[in-house]
Every structure is written in structure tokens, then in C-alpha cells.
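J.: One letter stands for each residue in the lines below.
2 protein chains.
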Amino acid sequence: MKKKLKLALIGARGHVGYVFKALPDLPEVDLCAVSSGSDESPEALVKNASDRGFAPRVYGDYVEMLDTEKPDVVSICGPFELHAQMCCDALDRGISVFCEKPIALELADLDRIRASYARCDKSKVDIISMVGYRGEAPFRTVYDVVKRGLIGKVKMVNARKSYKLGIRPGYYHDRATYGGTIPWVGSHALDWIYWMGGNSNFKTVYAVHDKSDNRGNGDLEMTALFSCVLENNVMGSASIDYLRPSAAPTHGDDQVRVAGTLGVVETMHGKVTLITADEAKELELLPERGIFYDFARHLICGEPCVVDAEATFELTRACLAARDCADRNGI
Amino acid sequence: MKKKLKLALIGARGHVGYVFKALPDLPEVDLCAVSSGSDESPEALVKNASDRGFAPRVYGDYVEMLDTEKPDVVSICGPFELHAQMCCDALDRGISVFCEKPIALELADLDRIRASYARCDKSKVDIISMVGYRGEAPFRTVYDVVKRGLIGKVKMVNARKSYKLGIRPGYYHDRATYGGTIPWVGSHALDWIYWMGGNSNFKTVYAVHDKSDNRGNGDLEMTALFSCVLENNVMGSASIDYLRPSAAPTHGDDQVRVAGTLGVVETMHGKVTLITADEAKELELLPERGIFYDFARHLICGEPCVVDAEATFELTRACLAARDCADRNGI
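Residue numbers (our numbering), protein chains in the order written: chain S, 1 to 331; chain X, 1 to 331.
The hints are simulated quantities; they were obtained by calculation from the structure and are not laboratory data. Check each hint, because a few of them may be wrong.
One copy or any two copies: either way a pair holds, since identical chains are not told apart in the list.
The calculated DSS-like cross-link candidates involving lysine-lysine, where the alpha carbons are at most 27 Å apart (straight line), are [said to hold, decoys possible]:
| hint | residue 1 | residue 2 |
| --- | --- | --- |
| 1 | Lys122 | Lys3 |
| 2 | Lys124 | Lys164 |
| 3 | Lys147 | Lys164 |
| 4 | Lys4 | Lys211 |
On a predicted model such as this, the values are computed, not experimentally measured, just so you know.
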């Protein structure tokens, strides 16, 4: 008999959609309960669950939900500033965590999560953040090229994240509830650098950011630049902004380029190109593999997951260190 | 009667081709003399001059050439480490200078050039470096979009310079004669940031570079990352490398993206795209305008030139400051 996986959801800020998208392909998963984790209505969570044939119990208090339901895994998309506490509350109860990134808004909170995780039984409990791009077709394809050695030894990774600003809810306007544009938008770019760069920790990070001309969005930084060197001496850069104009064909202009000793592989506008000494060509894309699908399969039957706890912690650390560097004007 | 312009050439390292390309369109210019400025043969200079109908006198000693011929303007493409001395020798004689960039390999040498220029009669003598990209169709088109305000207030400029390494002469292998990859290759990218960013001086610069895996090219750095904030708070980034694979369709992958409050304009692969709130479209390119043609017209009849002495000095300063920062591992 196949192992079942009891799932609970906290909150709908961010990418809880990764969970809903995967549920039809995960018959082992039972979505037992939901909580908004804040004073927001859990209605959207209930509706989405219902659309997929689930009738989860609804809790006002997410801690009560964890204690009562004892799920195997919890999705955390609560208020950003509560991510860290929610992660600790779950890990301390032996519950695996699928958390919106960044999992903490301050380095001290990240340390608390690490401490909670250190006390867990690693054979049963895991934590990853929602770095969903790792499962998207173009990024999987780029990573596959890198991993197969087609560009030789990686020397440099360049990333771009440019989003349309649109209308942002009030919690984006306050550093205390938003965390900053480098952790929120930039985390994807930093994750690409870390991942494509060989899963090597960040040796040095440098960043600047600027909230001027942000159309009344309070503390929200409109632009940021990031630069790093990984422990393995791969260089990484990221350009991060909310300046993508409204007539652009997509919400995000997401690009990554990986340059190695034998070639360059790059994705932009959903396409992937590879140039080596022999040829320059567009590549066929690998199929998408949803990140929650990936994580659930990992928890159910031990399949390797595209990201792990150490990568999650290291990415969070780099994002927060870069934001703090930018707060000091790059010094 | 139109003013004539007496021209002399020193050396053929780098972009003296800008001069030869412009000569057929500049009947006012008399190419009177050439010198290699080193122990290299002046043969290529003589041949190129002859192909355009000139029979320049050849000098072994470039100072003797300047003193004897008293040209109005001199092109300086001598050994990189002699650029600064050659600039001073020309300026001190009241001769205008069209010099390969960077015009100095050390900040102290830049100061010497500034001092020589300060003593010149500015109504007659000028100095610019060979930032030839400013005259190329795609970059002129991007700048025109920015200048016309079509993207609003500029917030960020991102640049890429990626070259094929090929076979490099020995003087590229030694920092003392090469200067570094940030000044040599990166100077173009830094110039785009300065120019597109509003001709504002550099407030802070940060850079890293790395010479590992450089295929036996001595000190030559294969990769570099640059990040800056201009005095007007525009952010700039540049990715610089020699990792372009040999099967790539062009020698250089030159890209620049300028993001403003009202739109984003970008050039890559020789094309220019503009996205605003209303539309996303490819633009028709402005015609090319050669930089030596531009400078000569400026000297002959006072037409404005696409670059000036102050921009030349500031670009050199930023390149050398960034290289020195990178030598300290970004600290």
C-alpha cells in the first residue's frame, strides 16, 4: 500500500498555487485542513481545494490546526513576516515545510528555523522554499545543459528579474511586512546563481537598491543590483526591478545566462539557446516538473528533490545579507 | 575656404580603423605622417593610408613627428601603457587627441593627462577616447530613445560585453601592458552606463574579476562584474567576459538595456526594442555615424561631438577605480 501524505495549508499570499496545480497528479496527498494564518479570509483556499475534490477543515488558528490535524507537510504562504515563526511551529512538531520564499525576513529568524530543523528527524522531516522556477521547462533545460557539462566549467551566471509593478497590496509597502525587493523578487535570481553555479555557498555578496519613483508604494524598492562570488569562485550578477512596462507581453522578464569554459547557455522569453565551439542552436525544452509535485514525491517515496533544506537556508541567508548590504548603500 | 585638418597617426593597436573608415568622407583632413610609437613596423598604417590616397611621412620617433609635422590632431593607438604619455606629449604641444581607450592604465597617469589638458586652449584643443560604439546604429538609436524621454526618467542601465578570446598578442598577457579586462573590454559597457544614464559621474563603483581558466593568457582576466551608482542615482551593471564560444555568429555579444519610469529600451544582436505602457516594438535604426568623422567635424567646424574630454576622463577614472576595486576582491 502506498504511503499517504497529509497536507495542510497556511495562507494564500504568494505561490500556494504550486500546491493546487500538483494535487491532481498526487493521489497520495490528502488536503485535510486550511488556515489563512492571519485575519484574511480562507475562502480562496477552501474554493481551490473544493475545485480539486477536497473538503478541508478550516481553522482560525494555524497552531491549533497543526496540533489537531498533525499533517505530514504544511504549505506556508502566510504573511511574509510570519513565515519564520510558522516554519518553526511546524518543524518543532515534526511537520515538513513547503514555504514561500524568503522563509525569514531577518537573519536572526533564519537562525531560529535552522535550530528547529537541527532538532528534526531528517529521515522524516524536510523543509524547502517555493523556488518554483527550478521546475519550469526553460530553467530545467538550462540546468540540465550545465549538469551534463556541455558548457564545461561554469565561470559566471547572469540573471534578470524584471516585473510589472501593477497594483500591490498594502503589505508590500512596509519593509516589516514585505521584507524588501531583493528577498522577494531577487530570491529567484539568487537561486539561479546558486543552483546553476554549482550549489556552492555564497562567499561574498554586494548589492544596492533604490525605492525612489515607486509610485506611492512606500518602502518598496523599484530597482536593485546584486553581485556575488560563490565559494567555488563562480561569479554571479542579478538585475532586479519592477520597471517592466504594462505593454510587455508577459508579467516577468526572466533571464538567466550561464557562461562556462566550453560554452554559453541562456534562457530568455521562454526559449533556451546554447553556443559552444561547434554550434549555436535553440534547444528543445525539458518538460515542466512542478516543485510541489517534486517535494511531495520526495516525502512520499524518497525521490530526490530539486532543492533541499541547506539550499533553502543558504538562499535565504544570501538574500538577507544582500538586502542588508544594500541598506548600507553597498558598503 | 574650408579649414584643413592636419592628422598624424601613432600606432595600430586597437581601433585606428575608425580613422581610416572616416577619411573618404573627410576631404578637409590631410593625413601627413605616421609612427608606430613602438618597435613595431608602421607598414600597416602606410598601406592603409596609401589605399586612401595618402603618402604620409614615416617617423620612428613619434615625438619628433609631432614636433616636425605640427599636426592639428593625432590618433593614438600605441602600446596601451604609453597612451598616457602620448596624450600628454600631444596636448602639451597644443595637438588634439583621438586616443584608444583607456587613455591611461593608472589613475596617476590620468591625472597627468588632466593637468596637460587644463593648460590647453579649449577653443582649439580637445581630447576624446575611441568610444566608437556611440556612433553605431543600435547604440545611437537607444540613446536617441532615452534622450527623447520615451522611457521617462532613467533608473537603471544593464550592459553586457562578451568577446571571443581567440589568439591574443603577448601584450594582453601582462597587466603592465594590457591594463586589465575591465578597462579594455569593460570600458565600452561603463561608457554606455555613463552615457545612457544621463552623463552623470560615477558615485560608487564595485567590481570583481577573475583570471582563472584563461587558456595560458597570463594576467588576462576572463570574467568581470561591475556595479555602480551614478551621482544622479541611476544604477548600472555590466557583465564582462571572454567566454563567447567560437561558433557564435559574431565576435562580440554586446547588449545594453535602459529601464526608466515609463519604459524599457534594449539592444541585442544589432536590434533595438522599446516597450512602454502602450506598445512593445522593434525600432528602425538611426544611421551609423563614425566617431572619428564626428570628432573631425567637431574640430573643423565646431559641430557637437558625441563625446567630450570630461566624459573621457570620467570613464577612464571609473574603469581604473573598478579594476583596482576588483584587485582587492571587491573590497
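J.: Checking an output row: Lys124 and Lys164, CA cutoff 27 Å. Within, between, both or neither?
T.: neither (40 Å within a copy, 50 Å between copies)
J.: Please work out whether the CA atoms of Lys122 and Lys3 approach to 27 Å or closer within one copy, between two copies, in both situations, or in neither?
T.: Within one copy only: 18 Å inside a chain, 83 Å across chains, cut-off 27 Å.
J.: Reference check for the pair Lys147 and Lys164, CA-CA at most 27 Å: within, between, both, or neither?
T.: between (32 Å within a copy, 23 Å between copies)
J.: First find the shortest C-alpha distance between Lys4 and Lys211 inside one copy, then the shortest across copies, and answer within, between, both or neither for a cut-off of 27 Å.
T.: neither (47 Å within a copy, 53 Å between copies)
Checked against the numbered hints given earlier, this structure breaks hints 2 and 4; the rest are met.
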